[in-house]
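Asks: Model the full assembly from the supplied sequences, consistent with the hints where possible.
Protein chains in written order, with our numbering: chain A, 1 to 264; chain B, 265 to 534.
Take these hints with a grain of salt, some might be off.
[What the hints assert, rightly or not] Computed spacing ranges between beta-carbons, pair by pair:
#, chain 1, residue 1, chain 2, residue 2, range
1, B, Arg316, A, Leu142, 46 to 54 Å
2, A, Thr170, B, Val411, 40 to 48 Å
3, B, Phe474, A, Phe23, 25 to 33 Å
4, B, Phe439, A, Met41, 27 to 35 Å
Since the hints were made in silico from the structure, they are not lab data.
Virtual Cβ for every residue (Gly too), placed ideally from N, Cα, C.
Spelled out from the first residue to the last, the chains are:
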Amino acid sequence: MTAVRPYFEFAKVAFSREATYRFEVFTSIGSLLVRVYLFRMVWTALYFHNAGIRELTLAEAITYSTVALLMSLVMDIDQTRLLVSKLDDGSIAMDFMKPISVPLYFFSDGTGEVSFHALLIVPSLILALFIVHIQVPDPIVLCVFFLSFFLGYLVGLLMNFCLNCIAFWTLEIQAMQLIVTWITDLLGGEVIPLVFFPPLVQGFIYFLPFAAMYSTPVLIYVGVIGPDEYLRALLLQAVWIVVFGIGAVLMWRFGSRRVVVQGG
Amino acid sequence: MSTLAVWADVYKQYWRINFLTALEYRANFLVWFAFTFIYHATALAALYIVLREFPVMNGWSFSEMAFLYSLWMLAHALNNTLFLTVGDVPEHVRDGEIDRVFVRPLNPLFQILTTPQQIFPDELILAILLFILATIWAKPIIDVWFVIFMPLVVIGGALIDFAINLLIATCAFWFVKVDGLRWVAFQLEQEFTRYPISIYTKGVRLVLTFLLPYAFMNYYPATFFLDKTENALHLAPQVGLLSPLVGVACFCVAYAFWRVGLNHYEGVGH
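Replies: Listed below in structure tokens is the structure:
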């Protein structure tokens, strides 16, 4: 138990740190609500002008976008970004001297940060309900959704950790991370549900890690992925967790050996 | 030397340093170029996917939407090339660097705009290429008016973009940390300029026309040049040609606010 204690404290500090930026909290909730409203307008206009049967009804499309946006409050956070800034200013050297596991320190710091932002989902959801009507599935579906959301979150966390580890070699990774962010937004189905993609692209896009992050949980939520496909969908997410997990371990092991602090 | 000659010389030196920096950090430059390219490519891909599934977008086809996008991209890229450093003002206020511009005998805003960065007109070049492609494809009416007004519209659009960024940056003199606000404004700009504003509700159309006039960056000019029936606010199509005026007016308002901010500034204490 005592071994866990310091990491719990790291998380608590990160949590309070995030809570101090009150203005940032308001802007992030405000911008989320504006985007919920934007998506409602866009989907309404598109469905109004284009009759026809689609994979998603208008109500489902609006639900999809709202759920995806609420998830982004947590998903958009790069938990282990501290690693890059610490490599940049060299303070990582100090962390290596402390009697702690450095990667666990980064993870607990990020967990504190994410817990705070996860709490923001509640007021955001309540306010969003004034703007849009969202469908609520059966409790069982909801449970599977939360499980899948958690798995998707882990995929994102480990993928970002691998990316951050690249900084051991290059120091600068901001542009690369932004590239991955834009690609994730598009191919992960955060902005446009993957069911609207051209059939040819749909053939392989579901197998990419990006789909495992956003698309799988939300498609479970709106019912496009039915109960008979749950196992397959969740297993695929688990596969990506294992792949990035192995990647993370290897990259940390080889990367952390390269730390050379210049001057100081 | 006259003031104007000093300004011209400073500006020339500024671009010389920019180019030399880009040449020095080639790998970094290439990665950022890839970023710019992928950012705009994913945006266009998203538009394509939506229009493939929903072909009718208030009477706008994909080629016309690409033209709409390329107009925004041109104005935005011009702003990013010439005026990007204004976004660093909040940071300079926080770390006290801003004090430097007050003790030098040159216009403070001009000094901010000539702070050497790693800026290269790569995005502008991409924007021009996309604009040419979209123009060939969407077939707007190309006449004398198009040739005369298009550059003015783009400059006006860049000024609108710049003015709104300057307004936000100036807030830093009071609130110090405004990075969140800046990010939000950028997100709203990129999302609300992507579609013809006529698909939005009346309130939003009014905001995008009069309050945060992003619609003058692309929607109104595109409506005019593509000869579309303007049905957002049922204005005369010629309002699209007002973009340069709107840009200058926005800049004047933002610059006045900037002066107020400068007078208010007392330093954060160091």
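Asks: Next step is simple, just say for each hint if it's right about the structure.
Replies: Evaluation of the provided hints:
In this structure, Arg316 of chain B and Leu142 of chain A break the distance hint of 46 to 54 Å, their C-beta atoms being roughly 32 Å apart. At roughly 45 Å, the beta-carbon separation of Thr170 of chain A and Val411 of chain B lies within the given 40 to 48 Å, and the hint holds. Our hint of 25 to 33 Å for Phe474 of chain B and Phe23 of chain A holds, since their Cβ atoms are close to 26 Å apart. Range check, Phe439 of chain B to Met41 of chain A: about 30 Å between beta-carbon atoms, so the 27 to 35 Å window is met.
Checked against the numbered hints above, the structure breaks only hint 1 and satisfies the rest.
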